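Student: Below are the chains, spelled out letter by letter.
Number of protein chains: 2
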Amino acid sequence: MARQDPPPPSALDDPAYRTGVVELLGLLALGEISACERLVADARMAPDLRAKVEVAAMAAAEFHHFEQLRDRLVELGEDPFAAMDPFESIFAAFHAKTRPSDFLEGLVKAYVGDGLASDFYREVAAYLDGETREIVVETMSGTGHSDFVVDQVRSAIEADHRIAGRLALWGRRLMGEALSQAQTVVAERDALSAVVVGGADGPGLDLAAIGRMFTRITEAHTERMETLGLSA
Amino acid sequence: MARQDPPPPSALDDPAYRTGVVELLGLLALGEISACERLVADARMAPDLRAKVEVAAMAAAEFHHFEQLRDRLVELGEDPFAAMDPFESIFAAFHAKTRPSDFLEGLVKAYVGDGLASDFYREVAAYLDGETREIVVETMSGTGHSDFVVDQVRSAIEADHRIAGRLALWGRRLMGEALSQAQTVVAERDALSAVVVGGADGPGLDLAAIGRMFTRITEAHTERMETLGLSA
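First to last, the protein sequences are chains A and B.
Residue numbering for the first sequence follows the working numbering, starting at -6 and increasing by one per position.
Residue numbering for the second sequence follows the working numbering, starting at -6 and increasing by one per position.
Extracted from the complex, chain A is given alone in its bound form (with noise of 0.2 Å):
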């Protein structure tokens, strides 16, 4: 029998890159899954039935996020759940930090946090080898219930103006804790952060890169606020 070729070189053979994309879908599906048992926490304040079935749709989509990047990491021969750890603090901290107090704050922190994976998930995809790339991309799409959201959002602002200033505040807040805890990320995870900025081969952190990244990600949240009708 003929000997097999080696496997072509991968840029997961490059150890550095490797910690980083495995720290990366361990971040992403802590993500996922945190995401997906606050909503289905928050959906208790549900006004009827109709909106706790679209919210456990938005939770179920978050849950088929999860369990897409836990299987790449089995892929790459990782344990999920000890990929996954370092985040639980992170994690733990933003959401203990952005409870909602009624079920339009929950909405609000639903489609801000999806539009805020969206983003960040499109801004890493270009530096990842083709394989996750895909899961990511795949993963990237949002839960699709945006509509669902603003209708809300919108009718409630037309019933009571005042509900728009808290709601803005409310935004402003979500962003604030979401920012300070990526920074937190950036400043542990070396890897991850050489990852997402696509500078795994340079001679070190490109702060400025990140700076920039944090930068767009902002304005686009800034364009969702308005979607809502809400000033960011």
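Treat the hints loosely; a few may be bogus.
No copy labels: a pair is met if it fits in one copy or bridges any two.
Unchecked claim - Straight-line distance between alpha carbons at most 20 Å, and here's what the computed SDA-like set of lysine to any residue pairs gives:
1) Lys45 - Gln61
2) Lys90 - Arg37
3) Lys90 - Gln174
4) Lys45 - Asp64
Hints are computed from structural coordinates only; laboratory data are not their basis.
Model, not experiment: these values are computed from the prediction.
Please arrange chain B on chain A, whose structure you already have, making use of the hints.
Tutor: Coordinates of chain B only, in the frame set by chain A:
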């Protein structure tokens, strides 16, 4: 152009059968969404992320069942929420009377409930028109996560034998409450009850047939409890 043949005579043209099927689909749909909701609420008691993910996977399967049942109601030209509405108090009463006091009780409840639902679906399927049967058979597959529950319950009992007695009592209480709510449905819903035992064309409700169905389901429950290592 030749005139089209009229659609073939369908069981759904019979108003009594149609009423029963819509009630049945409403009952099953509400059962799935309320099981999904309770399961997710109980997941807060999960000891670790791995267990939470298992429970989330069960909840996602139930949500998918719900979606299939809801879509069938929409296909039939019905408002799914109107079809579910009459059963809200039934499931609310069941869940209020069977609140798990810890994660294990939650798992046993999910396992028992999932099993009862599958048994009931199987009983009913025989008497349904082809298309409705197909949906019911698809959703009757269970959540496919019983191995996790069996492992958790059996190892908890191994670690502390006293748990077996408490969980056996809990299983009896779950079954008792389920039967009690089922009797209420039978008493209040003639068209549904007729469909369930295939007697829609008979001269009255066949209570003996319903009794035999409950007996078969109770026997299957006993076997399931034994699989968990519990006496029924």
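Student: Is it within, between, both or neither when you check lysine 90 against arginine 37 at 20 Å Cα-Cα?
Tutor: both (19 Å within a copy, 18 Å between copies)
Student: State whether the alpha carbon distance between lysine 45 and aspartate 64 is at most 20 Å within one copy, between copies, both, or neither.
Tutor: Answer is between; shortest inter-copy Cα gap is 17 Å, intra-copy 28 Å.
Student: Treating 20 Å as the Cα threshold, decide for lysine 90 and glutamine 174: within, between, both or neither.
Tutor: within (11 Å within a copy, 41 Å between copies)
Student: Treating 20 Å as the Cα threshold, decide for lysine 45 and glutamine 61: within, between, both or neither.
Tutor: Between. Shortest inter-copy distance 17 Å satisfies the 20 Å Cα cut-off; intra-copy 24 Å does not.
Checked against the numbered hints above, the structure breaks none of them.
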